[in-house]
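Q: Each chain is listed here by its residues.
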Amino acid sequence: MSQIAFLGAIEVGLLFALVALGVYLSFRVLQFPDLTVDGSFPLGAAVCASMIVAGADPYLASLVAALAGAGAGMVTAWLNVRLKILHLLASILTMIALYSINLRIMGRPNVALLGEKTVFTPLEALNMPSYVALPIALAILVLGVKLSLDWFLNSEVGLAMRATGVNPRMARAQGIHTDRYILGGMALSNALVAFAGALFAQSQGAADVTLGVGVIVVGLAAVIGGEALINTRAVWRATFACIIGSIVYRLAVAGALNADLLGLQAQDLNLITAVLVTLAMVLPGVRIPFRKKGSTS
Amino acid sequence: MIEARQLAVTFNAGTPMQTPAMRGIDLVIPEGDFVTVIGSNGAGKSTFLNALAGELRPDSGSILIDNQDVTAWPTAKRAGLVARVFQDPLGGSCANLTIEENLALAYARGKRRGFGASVSAAMREEFRAHISRLNLGLENRLGDSMELLSGGQRQAVSLLMSALRPMKILLLDEHTAALDPKTAAFVLELTREIVAERNLTTLMVTHSMRQALDIGNRTVMLHEGRVVLDVRDHDRDGLKVEDLLHMFEKVRGSELDDDALLLS
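Going down the list, the protein sequences come from chains A and B. Residue numbers for the first sequence follow the numbering used here, so the first one is 1 and each next one is one higher. Residue numbers for the second sequence follow the numbering used here, so the first one is 1001 and each next one is one higher.
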């Protein structure tokens, strides 16, 4: 693997670490299997790219993208807690609706950002190639998000959110309005994912309506892979595992694609992903979503 | 004071599965009362308890706590007034949170939650003092995950958790039913101590007539969704399980045929 390919994998791995943290919030903290992310990732990209092309400040555009993602997450949560639609189905409904919404936002299937000012433009002033500067900048950002999330999940409100996911009946008995916490948690989760989408569009130079395909699987691959590699007993370990899982996943994919003797090509990416997720899930000691359902523990 | 007025609820109303679980329960619990509730399966004990907790909204009737109508309040809103210990030892705590995090959740019951640290050093000291009274050695294991504890330990911790904050009523939902006899006796003794030292108003649902007469100062029997028997203080003193059965038969004009109630 060349140095550029390696750093490229790190860069995408760090970007998707934000997705992994969002997926960790929904799948693990709230125990809400959420496929909205397949729609909120391109939503963030679409909102951000459209605003930048329209002349908006890229920082503002990225912030608005995150807020749009929060809105998408709240729609899914609302379908679930108010209309009592099964969580998985509620998220699929939002995801499918977002496909149309994303097309509407962009007005066309994709928006190019070539030559536009992005949040990464200031990095050009640094005396280093962008393929080095970008991963460093992203590493700092992801670390900041991780630490904020650690702080949040260990606060009174964050603890209440974790209780909501683990044992909602007990949580309610302690005065926790579980519906509100599901709404808030899903908003936060999808805000992170949409923010990642916005950064992804800016680093890749385009937003595309098909960006979201398989984002949830990639996010899950990072979460589950991270859990297979790292003991996730404490919150700070779990969030760290998401980041490591995301980077390792990208390196594994890059490695598989670069190993000439395997003969794999770019179109095999989804197949590789499915195999990697399966491998991570059958490793011993991994908590598997969907399988441990029904128990209150 | 807790007042239940004409509480009624029917499950699956309008279907062949229609079951009236409460048909007008009237009960006034003055402050300081420790009421034990007995009744056969389907008598409406759990339904009544769930209605008091807020998990279940009655079809009709009302619930008043200190003259305030809380019938429409959801569980979370009522939590400042009502504390609860569940029957299932796994139900009253969060398995993959630590012991101190579980205590912290209960410590904030009915309070507004903020963005400060969920477990402060001062709180940890207080928790350690509380939990050391159990003599289970848990005071040195506050950082352990709750799922490492046995059912009895979890139930004892749940009981401590319920009493961390003031309340108007403590609801105990057959909280010793899932435990072995020795552990059940330990948890029951702890219940007696905590209720006595804080003078808690308590409602305990139990499956055992013996237990119902041994603890508390008042025993209420539910049958087919109504209160059929209510004995307290000196009327209850010296009462035996057989006496309770006779009283029941007199009131209902029918024989009690629930083995579980007679045998336990």
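Certain hints may be false.
Said to hold, decoys possible - Computed far set for chain B versus chain A, every beta-carbon distance over 12 Å:
1. R1023
2. E1055
3. D1088
4. E1101
5. E1125
6. T1201
7. D1243
Said to hold, decoys possible - According to the in silico footprint, chain B covers these stretches of chain A (three or more CB under 8 Å from chain B):
8. 86-98
9. 134-148
Stated by the list, open to error - Calculated lysine to any residue pairs in the SDA-like style (CA-CA distance at most 25 Å, straight line):
10. K84/A with K1077/B
11. K1077/B with R180/A
12. K1240/B with V1251/B
13. K1182/B with V1231/B
14. K1250/B with L1190/B
15. K84/A with P1074/B
16. K84/A with D1144/B
17. K1168/B with T1201/B
18. K1077/B with D179/A
19. K1168/B with K146/A
20. K1077/B with V81/A
21. K1168/B with V1231/B
22. K1111/B with L83/A
23. K1077/B with H177/A
24. K1077/B with V1251/B
25. K146/A with V235/A
26. K1077/B with E156/A
27. K1077/B with M74/A
28. K84/A with G1014/B
29. K146/A with D1144/B
30. K1077/B with L1064/B
31. K1077/B with P168/A
32. K84/A with W1073/B
33. K146/A with S1120/B
34. K1077/B with L83/A
35. K84/A with E1055/B
36. K1168/B with N1050/B
37. K146/A with A1121/B
38. K1168/B with E156/A
No lab work stands behind these hints, which were simulated from the structure alone. In this text, a Cβ means the ideal position worked out from N, Cα and C, and glycines have one as well.
Q: Each hint needs a verdict: does it hold in this structure or not?
A: Structure-based check of each hint:
1. R1023: Holds, since 26 Å exceeds 12 Å.
2. E1055: About 7 Å separates E1055/B from the closest Cβ of chain A, which leaves it inside 12 Å; violated.
3. D1088: violated (7 Å)
4. E1101: Given that some Cβ of chain A is not farther than 12 Å from that of E1101/B, nearest at about 6 Å, it is violated.
5. E1125: holds (18 Å)
6. T1201: At roughly 17 Å from the nearest Cβ of chain A, T1201/B sits farther out than 12 Å, so the non-interface label holds.
7. D1243: At roughly 35 Å from the nearest Cβ of chain A, D1243/B sits farther out than 12 Å, so the non-interface label holds.
8. 86-98: Violated, because only 0 residues of the segment 86-98 of chain A bring their Cβ atoms closer than 8 Å to Cβ atoms of chain B.
9. 134-148: violated (count 0)
10. K84/A with K1077/B: Between K84/A and K1077/B the Cα gap is close to 21 Å, so the pair holds against 25 Å.
11. K1077/B with R180/A: holds (12 Å)
12. K1240/B with V1251/B: Holds: K1240/B and V1251/B sit about 17 Å apart, inside 25 Å.
13. K1182/B with V1231/B: violated (28 Å)
14. K1250/B with L1190/B: Violated, at roughly 35 Å.
15. K84/A with P1074/B: holds (17 Å)
16. K84/A with D1144/B: Outside the cut-off at roughly 35 Å; violated.
17. K1168/B with T1201/B: holds (7 Å)
18. K1077/B with D179/A: Within the cut-off at roughly 12 Å; holds.
19. K1168/B with K146/A: It is violated: about 41 Å lies between the C-alpha atoms, which goes past 25 Å.
20. K1077/B with V81/A: holds (17 Å)
21. K1168/B with V1231/B: holds (22 Å)
22. K1111/B with L83/A: violated (28 Å)
23. K1077/B with H177/A: holds (8 Å)
24. K1077/B with V1251/B: Violated. K1077/B to V1251/B sits at ~38 Å, over the 25 Å cutoff.
25. K146/A with V235/A: holds (10 Å)
26. K1077/B with E156/A: Status holds; Cα separation ~17 Å.
27. K1077/B with M74/A: holds (22 Å)
28. K84/A with G1014/B: Distance of about 21 Å is within 25 Å: holds.
29. K146/A with D1144/B: holds (23 Å)
30. K1077/B with L1064/B: holds (14 Å)
31. K1077/B with P168/A: holds (14 Å)
32. K84/A with W1073/B: holds (20 Å)
33. K146/A with S1120/B: holds (21 Å)
34. K1077/B with L83/A: OK: K1077/B and L83/A at ~21 Å, within 25 Å.
35. K84/A with E1055/B: holds (16 Å)
36. K1168/B with N1050/B: The hint holds at about 16 Å.
37. K146/A with A1121/B: holds (24 Å)
38. K1168/B with E156/A: holds (24 Å)
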